[in-house]
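Protein chains: 2
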Amino acid sequence: MRPIESPHNPHLRRLRALHTRKGRQEQGRFLLEGLLLAEEALAAGLKPEEAFLCPALLGGEKTERALAALSAETDTWQLPEALFRLAADTTTPQGIILVAPRREQPLSALDVPAEAPVLAAWEVRDPGNLGTMIRTAHAAGAAAVVTVGEATDPFAGKVARSSMGSLFRVPLAHAARAEEFTSWAAASGLAVAALTAQGGSAHYDVTYPPRTAFVVGNEVRGLPSELREGAWREITIPMPGGAESLNAAVSAAVVLFEFARQSALRHRAEAASAVTGDEGEE
Amino acid sequence: MRPIESPHNPHLRRLRALHTRKGRQEQGRFLLEGLLLAEEALAAGLKPEEAFLCPALLGGEKTERALAALSAETDTWQLPEALFRLAADTTTPQGIILVAPRREQPLSALDVPAEAPVLAAWEVRDPGNLGTMIRTAHAAGAAAVVTVGEATDPFAGKVARSSMGSLFRVPLAHAARAEEFTSWAAASGLAVAALTAQGGSAHYDVTYPPRTAFVVGNEVRGLPSELREGAWREITIPMPGGAESLNAAVSAAVVLFEFARQSALRHRAEAASAVTGDEGEE
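Chains A and B are the protein sequences, given in the same order.
Going letter by letter, the first sequence gives residues 0 to 281 in numbering that gives the first Met the number 0.
Going letter by letter, the second sequence gives residues 0 to 281 in numbering that gives the first Met the number 0.
Looking at chain A on its own, in the form it has when it is part of the complex (with noise of 0.2 Å):
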């Protein structure tokens, strides 16, 4: 550990930078606070090229935890309280940051295997959301996010926290426009699913073909047309209870959790009939 002892330091006035969306992008580098999100982060493989600790905050033994965790290929930086409370997002600092490289994929470049939901988000724009969002793909086996249009950074702090770890486990990408996604989609051979508040079948009558993309709405309005118009089909959850609308984040779960368990279901099937020598004609 290298001490810092000056704001003006290089090192933590790149930190702080890496606060704002801007410096984020241009970095190509993005921060997560606390301990437990760091922990999570290097059990998913992520190679912090910083890492900032107070062991005023962080206490004797999380550090030393810490310090065992980071690799020599990390910069590890000590500082005092004070700075440390510059370079922290967190009105309660814990003591750790670490700083890493953004993790996106071009859109080319994702990889979707031959049974596997893909999420889209279209301009979501709460970041507790799109973190929800992202911890939901991963447990549902999503192969990818790709955030489309005007949305907010995956790389943010809130979506880290909210996301619980999954930041750093599911492939992400992002398609500035629609038709950026909608031609992917169609290249790599995936089905698209609108999800629309109204009009369109329930969600549950659709069987979902093995390599499916869920396209979801902002909080606010619903999908553009061009996302409409160029989907395999549009989807609605039905709501017995009448309410409005649904948070976005519960609607990518309920549609992600229906095509698990049609996946399951299959995949069951399948295994009694390769059983019984059946092949499902009774």
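All the pointers check out, no bait thrown in.
It does not matter which identical chain is meant; a pair holds if it fits inside one copy or across any two.
Taking lysine to any residue pairs in the SDA-like style, the calculated list, with each CA pair at most 25 Å apart, reads:
1. Lys157 <-> Arg124
2. Lys61 <-> Arg220
3. Lys157 <-> Glu122
4. Lys157 <-> Met238
5. Lys157 <-> Gly241
6. Lys157 <-> Arg23
7. Lys61 <-> Gln77
8. Lys157 <-> Asp125
9. Lys61 <-> Glu243
10. Lys46 <-> Gly240
11. Lys61 <-> Ile3
12. Lys157 <-> Ser244
13. Lys61 <-> Gly44
14. Lys157 <-> Thr91
15. Lys61 <-> Arg1
16. Lys46 <-> Gly241
17. Lys157 <-> Leu34
18. Lys157 <-> Thr89
19. Lys46 <-> Glu243
20. Lys157 <-> Pro92
21. Lys157 <-> Gly240
22. Lys21 <-> Arg124
23. Lys46 <-> Pro100
24. Lys157 <-> Pro126
25. Lys46 <-> Ala99
Calculated directly from the structure, the hints in this document are not laboratory data.
Dock chain B against chain A, hints included.
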């Protein structure tokens, strides 16, 4: 509109006390801020006792709209901007606050129709999560949301905002202890499905009775043994992607909409057999 001109005005002081849980419980009332939420509440039939308006912040047109929507039974106060900012919880107040009686029901007074789920949330601490659960339960047609144990107060400001008005639509009740909930569920003929992170039946493998109560745990710990042991079934949401856990509101959504899916398909089958005179015996 009568004016409030002093920070020591007793109505203003009682209003400010409603920002705390203690104040809400002592007064048996809660407050809600903002024009959208106020309109949703009035549309849902909420009868506010008091309204606090700041025409300087709200603007002339919206002030008139608010006054037109309020009945003569609501004591309506006008505040200058500096006093209104003292009253408001939000950093950019819109200029309208309503105060209404808390609308929980005693558990024993809840009416569960012949076909509807109930959502029970055990010790959910995050107000945003509880609000999302209430919104989701409303959409899925739940008969009630029951908070169990040391849960966050459903009448806290952030719950109302996250619920998007569903707070005023779904019956709410509270059970201070787990046994209170399980006795009520048994007496009401509800099948209790307890959601656990692992070891339960896959949530889609269980056929839910028309009256099922889903019990969801809090963000960190699972359900206590009292709630698991008394349950009709323990259910688990399979996570093919292998994440550690789901957000509590997401879990609630997945199981409530699986219930809704099964209900819809059962109704469809009943309607089809009524048409053909076939009672399902093939």
